[in-house]
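A.B. asks: Input sequences plus hints: build the corresponding full structure.
Per our numbering, numbering through the sequence shown is continuous, rising by one, with the last residue being 435.
It cannot be assumed that every hint is accurate.
To be verified - Below, a list of computed lysine-lysine pairs in the BS3-like style, where the Cα atoms sit at most 25 Å apart:
id : residue 1 : residue 2
1  : K19       : K229
2  : K4        : K19
3  : K255      : K4
Since the hints were derived computationally from the structure, they do not count as laboratory data. In this text, all values refer to a predicted model and were calculated from it rather than measured experimentally.
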Amino acid sequence: MDVEFLRNKYEDSYDGVVTKSKFKIGIRHLQMVYMFLCTLIMGMMRSSNVIAVLAISDFTRNNETYIQIHNWDSRIQGTIFSSFFFGYALIYLPAEIYLKQVGDKFVLTSVLLINGGLSAAMPTVVNKGGWIAVCNAEFLMGMTQACLLPINEQLICNWLPPSERRIFGPIIQGAILLGTVIAFPISGYLFQTRLGWELIFYSQAMMTLSMAAIWALLTAGSPGSHQAIGNEEKDFIRQALSTYRKKKQINPWRQILRTKTFWALALSHSAASAIFIFFVVEVPAFLLILNSSLRTSSSLASLPLICMWSIHVLSAQTLDFIFNIGLAGFLFHVKHFRKIVNSIATFGIVIGLMTLPNLIASWNQLGLFVLMGTLGLLGLQFSGFLENHRDMTQNFSGTLLTMTSAVSNVIAALIPLISGFIISDNMVSKHQDYNIIVIF
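C.D. replies: See the structure below:
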């Protein structure tokens, strides 16, 4: 889940020639706009769910709104958060294997409808069914959202010529992180209204169901089934795709699983995923206990994610430039070069996590900078160990990333659950509990 916005960079190899042609706006680009909006909304749902669950148990507004507030402790909140990630981890690998063979728009329509329907029903689920019913709903949301990435990849392959995939692929897949970032402050603002946390879920439902209707009515799974596309554009796409096909290869699942390199890579990926999920889920609650309102903490929680994305974009380009000029290649093998980058980032993350607990008692802007720097170094780490997937195998880099992601998703799903059981209900001792989690 942590590298969804980078997934387009890692795919199994193709055969054929990429034909260059003059760029012309067409129906396929309108299709990409709709895909971008669908992905953006799914990303917004993830972070807004975090704020909504925290808002459900925020008794500071108990006398300001008629919305019911529930006494959900940290264990219940952690269980709810983990339910989503366990659902995601359960379906992730089957979705990656089988949904890419489907590539139909109705899969994405179903994902939008299910998530929108559950969001609309969530206030009733919370008030009538309790936290166990919410766990079931979040589990189902996680299962459906695991289908988003593979169906997006297949739709991009169906619609875009190879020369345009490098442009639109990162934009569409990056929308998942963009949605996560912008939903934090928006959810905090919605919580301040009279409808409180219920408005967060209703807003999710309106966006998702509206997008489901637009997607179902105005898009198609391929150019051949779209009613508005012209014959010229249809022939252009067909001709471009006819000379560029994915190699017909049997994925070496068993051989990969037997290598020590794979498990070392999976362990590195799991550690990065654990840190990412900790920041997405726990940092808003972490900021909330520091005498800060939920609206303020939700806005600040988006800053580390922005920093992570920015540093990754800058570091990925810079590291490639340094290695390609020849000096780094003369001193280090590419494998050792990646390890050095990964080690520097890991060492910085450890220092940041060890420094953070000492700043809790006297919280100031320095603490926020430490949070931003720590997650920013995670973006640098992505430029290190993720590239090892391509260094290890050019033909199966996409398959390899899918396998390491399957392992890391399971590990990351445990983070909210473990954090919830460590954190106590006493606000004073919560400082010490977060010290334990951060150091761990």
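A.B. asks: It remains to establish, for every hint, whether it holds in the given structure.
C.D. replies: Here's how the hints hold up against the structure:
1. With a CA separation close to 13 Å, the supplied pair K19 and K229 stays within the 25 Å bound.
2. Note on K4 and K19: the hinted pairing holds, with a Cα-Cα distance of about 24 Å set against a maximum of 25 Å.
3. Pair hint K255 plus K4 holds up; C-alpha atoms about 24 Å apart against a cutoff of 25 Å.
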